[in-house]
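Chemist: Sequence:
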Amino acid sequence: MTGSIGFPVLELENFKSYKNRTRFEWAALITAVVGLNGTGKSSVVNAIQYACCFPEFGRGVTVKHIKEDICNSEIRDSDDPSDTWVELTLDVHNTQTNFRRITDYRNSVHRYCINGEEVSRIVYKRSLLQYNINPKINTFLVQQGGIERFATQSPKELCELFERLSGSYEFKAEYTRLEKELQRLRAEASEQKNELAYHRKEMKKIQKTEAEWAEIRKLEDDYNRCEYEYYLAILYQIDKTVDDLVEKHDKLQNNIKIAQKIKTSTEEEIKLLVSMFSEREESLALMEAELEEARRDMLNYSTKEAELKEKLALYKNKIKKIEDNLKDMEKKVEAHKNILKDLAQQKMEIEKEIEFLLSQSQASSLNLNDEQNEIYLQLKSEALKKCSHYIDLISSKTREQSAIRDQIDEYKAKEESILQKVKKEKLLIDEIHSKELNVYKNINETEEEHTKVQINLDELKKEIEGLVESKEQSLAAIDMLNKKIDEQQETKQDQIESSRKQIVLKELKAYCTGVHDRLINLCEVGAENLEIDKLEIAITKILGKKMDHIIVDETKDALNCIYFLKEKYKGSKYSTVETFIPLNGLKKIKFNRGILQGEENARFAIDVMAVSEKYKDALTSALGNVVICDTDERASELSKNKKLNCVSYNGTLYKKDGTFSGGLSDLSIKSKKKWNEKKLQNLKNEKVEKMTILRKQINVIDSKNKQIHELESKLISLEKRLKEYLKPLLQNLQKELTDKKNKLAGLDNLLNDQKNSGELEKLENEFKSTTNELEKVEKKKEDIENSVFSDFCATYKLKNIQEYEMGDLEKYIKRDSRKKELDNLLDKINNQIDFENSCILESQAKVQKLQDDLQKTKEQYDELNKKSNKIGKRHDKNKLFFSKDTEVKKTRQEIEELSKKLKMEETKMKSIKRDLEEWDTSIRTIKAQIALLENKKHKSLVECKDKNIEIPLVTGTLKTANLKSELIGFKSDTDKSSQRSSSESGIEEKNVEVDYTKLPKSWNELGEDGLNNTVKTLKDKLKTLHETINQDLPNAKTSREMAIKARANERALKKKYEDKLKELSNTSKDFNNVKNNRLIAFRTFFSSVEEDVGKHFKTLYNSTTAEAHLVMRNQDEPYLDGLDFSCIVPNKRFIQLQNLSGGEKTMCSIALLFALNSVKRSPFLIFDEMDAALDNANINRMTKFFWKLKNSTQMIIISHHDLICVCADAVVGVNISPITNSSYTCHLDVTLYSREVLAERNLKEGHQELPVLLRSKMQAKLKKSKSRR
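In terms of UniProt numbering, the sequence shown opens at residue 1 and continues consecutively.
If you're looking for bench data, these hints aren't it; they were derived computationally from the structure.
Since the structure is predicted, the reported quantities are computational estimates derived from the model, not experimental observations.
Just to be clear, a hint being listed does not mean it is correct.
Straight-line C-alpha distance at most 27 Å; calculated DSS-like pairs for lysine-lysine [unchecked claim]: (1) 616 / 534; (2) 568 / 910; (3) 566 / 509.
Produce the complete structure using the sequences and hints provided.
Modeler: Here's what the structure looks like:
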């Protein structure tokens, strides 16, 4: 995805139909979520709304309502329901952030976690806003049936959406306020203008000559001026004293409020600790009692369990023995049956053969009786006597023939042996050749591996050279830092003091989150073209002890830190005194920078300092409006002439009251030490960073050296393998191959020599001649026998006696002997069959008995096993409970910790009460002093009213009859308040406040004594003038008073009118600035969206005639009248958006939604069945549109349409398990399949074949997941 934000993972548990923990892994571009109705697809959208704190799951929704709405029904009905949680994982620049929202039903609370750390709800929502996830401006999540609302909003609603997205909504409240203020000021200015015109007309009626009243006017002016100054001085003296007292009172009152809050929180903490303490003690007592009972049960049940285990082991061994015996007996029975089967087969074959011999005997052509047989034998004996010579000759020829035959066989056997040796040698040669090829292959592979290892080794050595060089540079940098640190090294006492300060600051930061740092650590001298060392001396002189003051957020934080230090170092050998500067109680100091105009070598101290904007007010408060000059003469001159506090480079301070303090002798050392502490700390921090880098470099070098060592070892082993094994093996194989080839050649030669010798032919010829001779002798023998048996053959009609002897007689003898053998064998088989049958019956009886014993033993074993399981469960339960011994120890530790915390809180409470009593006493004293001063002021103002002295007032007037109620600064009940503000001090809204801006500038520099002297001088002068006027001009008093009063009224009205015009001008400027900022923000966003919505609409319809327009009804201030959104669908005339079809409204909304997202990008877009109103043509257009824009943002689409899957990079299937009744998921990464290219082509061409393929793969994967579950 080209964007920097992504939404890779969603995890949830116990959310609606998702009973178990379920993980959704979204593709980086487009993910399609598919499944049947009711399987939990829309629950995914609800889960994201829940995690993003949408209003329907927001702060106003109770845990009880959420439990009924989203908790799984089975878990909700259980006695102890588990928590519901949803976790979003957002990926920003490859950095993942986990947002988890948890609903704890046991404690009825919502918890929020970011990366596993629990945070507040506000921090959680603010963190989501950083990713443009704002439930109030929902442009990233479209629920079922909600897509059309983007296009069908009213102009006002659409305009408000644009305002919120553009940021112009932030100016709305200020715009309305300034508009009303501007109308009010214009009306008041017009009224004052008319009043001033009327008064000028009245002034023309008073006409007296200047010459007649010159002396009177002079005296009157002197008297009025003196009287005015006198009363103004008195009032200034009173107000200045009262302001000092009120400031002191405000600080005390603020301290009391903070202390009371701390007191309240401490009391609540004590109550909470006491209740927790009692609860822990009660639970500890219960757990100890239960543990004791569990121990007793455990001892009883462990004995029983051991006995049962012994019995179970015995029965188990018995069962095993019986089963082994049973198997052996069954094998014996099977063996006997097999033997019996073989015997039956043999018996059948023998009986068949006997029947065959009997049938052959009956079919014989000649059967002789005993007498005839005796005649045959006599004749045979006679023939043998006559043929004895021939018989001996036949016997010798036969032996000769057999010898020749043996020689031939021996010769052929020798030739066959040579051939076998040849074949064997050829096989060995082939085998050696294949081994040789394998060795060649191994040598090549080893050499290639050797080359690769050598290349890697060279690269690693080059890398190590670079790393060693970097390491040397780091060492050099560390040496340089060590030298600098040694140069600026502190003394041992300074080190101890600095270490203590750092420890105190670290403890305070750990105790209170509002603690920042010491003032010196937050600033530095940063002026250009000035000497830093000299400036540091001057700044050290100005700040003094303030350099070590600690900056905190609020006064409350300062008080908490003071209480902490009091308790921490109470009774300790070492103590510490710290001063705190709260950022919320600082007054801004105004600088008159024009006073230094033309002064080249003089600058305000704050101008030479570099400090963060956050701490600038604190540094300004500490420095004041002191000016730094280059020389003592220049500092003294500026201090006298321009009444400024000045300090020179050498540290001499010249005050505006004329006093000065010289630079201390050790100021330079002190300055160097103070500023060097900071530099030293920076050097140490830099050294730590360098050391960290050095350690990493050393670790990398060590790992690289290990790799080099491994590669070198591997290289040596490869070389050794080549030299000592493979190459010698190859040489041996080549040598052996040569030997075998030579041996084969010798065998071939031997075979050829034997074939070419001719011995075999000689022997064969000799064998033939011997055979011929033998046949001739046998012929003569047969002729003699025939002559002897001639009568016998004639009697029995035989051709010759050889026919009878070679035929029927021989067969008869063989059949008779064979029949006797078969009869004996048949008797043996019958006996063996009887024996095997008896063995089988005996074995079957034993098998039946063993089966009965096995069944009985198994029943007994099962009964014992049930008893053992019952005892085991009880024993396991006791063991599980007994394992809570660690919880008891933990509870005891918690009780001890609670006791310590309780003591600390009680000590803190005593200290707070003591401080409150002291501050209350001080406040009562201050109230009494202020009451006296207010009465004095009241008298002075009454005199001014009576004498018509126009005292300049900021608020209120002296003409009011009820002057007393306006001037009393505090209510009669002084216990309620002692401040001067209208909301807190008890002063009424129409109080009188004197304007001292016209006071002489010298009065501002006067102290208390100087003001007293000035008041006394003015009083004496006033008395003298009063006596003179009363003596010399008693009759001109009335005329003078009328003229003075008229002029004073004119001046007052003129000034009031000018102030009102000035206020009107400032308000008008502010209003125009807010108006311009609001308009610029709105128009910038509007122009971008207007351009994109037209492009997206044309792309969506793939037509240049498609048009979408956004129009502002009011061009000057569009947010007053709203926006109009209109679209023209291709091939249609213009129709109001409300009159378009549902599908067309959906297409318009998609274009607007993506235009908004292109300008104000969301991390992801989620659509829940947004295609419900679309036909296939529009769905096809939409999927092409998504395909084109898929690299711009991550999309998650829930749909029932197959076409949506075409443009998806991953498909997530959702189904409900019939076993667990819980939803589960199945993920399919489409990018892994080779049909991805086909998908892109089909999408471009509008084909629909691929969804069928994806659906079949998805169904197969779901079926496999379901069967596994």
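Chemist: For each hint, tell me whether it holds in the structure or not.
Modeler: Cross-check of the supplied hints:
| no. | hint | in the structure |
| --- | --- | --- |
| 1 | 616 / 534 | holds, 22 Å |
| 2 | 568 / 910 | holds, 15 Å |
| 3 | 566 / 509 | holds, 16 Å |
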